[in-house]
Amino acid sequence: MEAEHVVRVILVEDQALFRSLLGELIRHEDGFTLVASAESAAEARALAARRPVDVMLMDVELPDGNGFALGRELRATQPGLGIVLLSGHDVMDLLLGLADSERAGWSYLSKTTSTSRATLLRALRTSARGGSLLDPELVGRLEPRRGSVLASLTPRQLSALRLVAEGLSNAAIARTMGISPHSVDNLLNAVYAALGLRDESDLNNRVAAALHLVRDGATGRPA
Amino acid sequence: MSPLPPSIADRDRRDDLRVLLITAGALLLTFAVGSTVQAMFVFRPTRLSPDELAHQDPMVTARLLIGVLTVASVLAACVMVRLHARRIGPVLAWILGIAVLAGLGRHLVQLAVGVYVSPSVETSVIEVASVVFVVVVSLLLALAQVSTRRRLRAQERAAAEQRSRASNALAELATEEMRVRREIAEGLHGTLQGRLVLTETSLTAVIREGRARRWDAATLDRLEGIRRELGTIREHDVRELSQLVYPVGVDIDLGHAVRALVRRIPADIAVSAEVAPAVDRALDGSGAAAVGRRIAVVRAVEEGITNALRHGAATAIRIVIRVEGGAGSHRIRLTVDDDGTGLADTPRRSGVARIAERLELHGGTAQLEPSPMGGARLRADLPVAAGHAAGVSRSGSDPSTA
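Taken in order, these protein sequences are the chains called W and S. Residue 18 in the working numbering is what sits at position 18 of the first sequence, and the numbering runs on without skipping anything. Residue 60 in the working numbering is what sits at position 60 of the second sequence, and the numbering runs on without skipping anything.
Derived by calculation from the structure, the hints in this document are not laboratory data. Using N, Cα and C, we set each Cβ at its ideal position, and we do this for glycine too. Treat each hint with caution, since some may be false.
Partial list, derived from the structure: chain W residues whose beta carbon lies under 10 Å from chain S [to be verified]:
#1 77
#2 92
#3 94
Calculated Cβ distances over 10 Å to all of chain S for the following chain W residues [to be verified]:
#4 49
#5 129
#6 190
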């Protein structure tokens with residue numbers, strides 16, 4: 001694995017117990033520094049303005065605002081800032097409200113799925129380097145909607161897209177799917193072509209593809 | 001009833017005075033002119049034509065003028081003593097005083113200008129007493145009119161106050177309902193789902209341990225079944241219940257709430273949803289009224305989707321929400337079209353009637369009609385609240401895909 005610099009995190013969570021548990025987790029992890037913890041949007045705004053930070057780990061529901069709006073506001077002045085949203089509600093599609101130019105670096109994890117410690121740390125690292133990780137359990141539940149462009153993907157393409165949305169690198173996707181990295185490249189290029197994504201940047205294509213899954217994916221059961 | 005502000009009390013007093021003067025003036029003038037005419041034309045002993053009579057009595061103009069002057073004096077006296085603003089005891093004394101003075105004054109002027117030359121005491125007494133009687137009766141009738149008007153005004157104010165109190169109480173109730181709904185939804189989402197996640201995790205650990213210790217396979221299967229059931233309750237039932245109480249995303253904006261709804265539609269149904277940005281601007285706000293309007297629209301979309309799936313056996317649904325109409329008459333128009341079996345079923349109608357009632361509270365409507373897609377179309381609309389119309393006008397109402 002490439003040498004990774006220490007990821008500086010500011011944690012924003014209004015529930016004291018959850019905040020302290022998350023704080024402990026980050027503090028004791030190699031490669032991460034907990035810069036500060038905040039319990040409100042106002043406090044987080046002040047902290048982010050004066051402390052060096054790579055990623056904000058934020059609850060969406062805050063007593064004086066919401067983490068999504070705060071993230072957009074912070075990124076207006078610090079475009080490279082990573083944002084990992086945490087929510088107890090089903091609000092992953094908040095990310096669909098982002099303009100193309102501001103999509104990189106956003107991750108989303110649900111508090112009500114069995115998100116693991118490893119996934120949380122991976123999300124922090126992915127967002128810090130401008131990538132995007134969507135809650136793997138939520139992504140796993142999304143089925144392509146009939147009539148949408150997602151429905152035109154082959155099962156293998158869809159599996160690869162799900163892994164992209166989960167923030168996996170091409171090497172990790174190759175390992176998970178038991179295919180060569182070159183095949184992953186081909187598979188993903190086919191996915192991007194099907195979804196009409198032609199950005200120069202692979203990172204932008206990955207984020208846009210993940211958001212396609214959120215937009216055209218369905219969790220509903222047959223009525 | 002609460003005390004009136006000084007400006008309204010002043011306006012009321014002016015209104016009372018106006019009613020008093022008009023009523024008393026009309027009555028007194030009628031009596032004044034009537035008595036002059038009566039004196040000249042009815043009580044004359046000889047039968048002569050009116051022209052001849054008028055010619056014969058040069059005092060007719062003087063009589064009429066004296067009558068009008070008396071009426072003006074009485075009205076001026078009413079204004080001076082503020083008759084309309086006095087209590088009943090002093091009022092009666094003032095009326096009598098004004099009436100006597102009017103009667104005496106009128107008769108003195110009649111004597112001075114020669115309407116009467118050396119009249120008998122009886123004639124003078126009749127002249128004065130009749131004027132006193134007419135003035136007293138006219139002023140009492142005018143005051144009765146003022147009092148009736150005052151009573152009506154009080155009743156109208158009480159009714160308006162009652163309406164305002166009821167409307168405030170309703171608004172408070174709506175705010176409280178939103179708060180409780182949001183709290184219940186929070187509880188369902190946060191606390192209950194969190195506890196269910198923990199319970200599932202514990203059960204998974206028990207199953208893992210059971211497998212390691214080679215428990216009975218049937219027991220492990222049952223435990224696995226319970227774990228799955230818990231998962232379903234958490235993922236499906238709790239979410240459904242929460243959505244029922246307070247739609248997901250409605251705090252953020254309508255586009256978000258509609259997307260959350262659409263995602264729950266089974267994947268084998270083709271769905272397109274279009275929420276124009278102008279709609280979100282038109283329904284923007286965090287107060288109970290704004291959230292209530294968004295909820296009403298979300299419920300209408302929900303009803304359209306339910307109809308299409310449960311009663312219409314649809315395979316495709318199209319949701320369009322836009323702002324239409326010109327300046328001053330902007331309305332949010334919503335259509336949910338499906339390619340299902342059409343309008344035959346009655347359950348659809350009752351559901352739509354419920355939605356229509358909910359929308360009517362906000363000045364909106366809802367109805368079912370045939371859809372160009374072959375199935376049913378739920379069409380609903382809602383006026384854009386006054387405070388939001390400017391924003392919609394400025395930014396236009398062009399739609400874009402949600």
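So, going through the hints one by one against the coordinates:
1. 77: violated (23 Å)
2. 92: OK, holds: residue 92 (chain W) within 10 Å of chain S, min 9 Å.
3. 94: holds (7 Å)
4. 49: At roughly 25 Å from the nearest Cβ of chain S, residue 49 (chain W) sits farther out than 10 Å, so the non-interface label holds.
5. 129: Nearest chain S Cβ is 28 Å from residue 129 (chain W), so the label holds.
6. 190: Label holds. Min Cβ-Cβ 21 Å, cutoff 10 Å.
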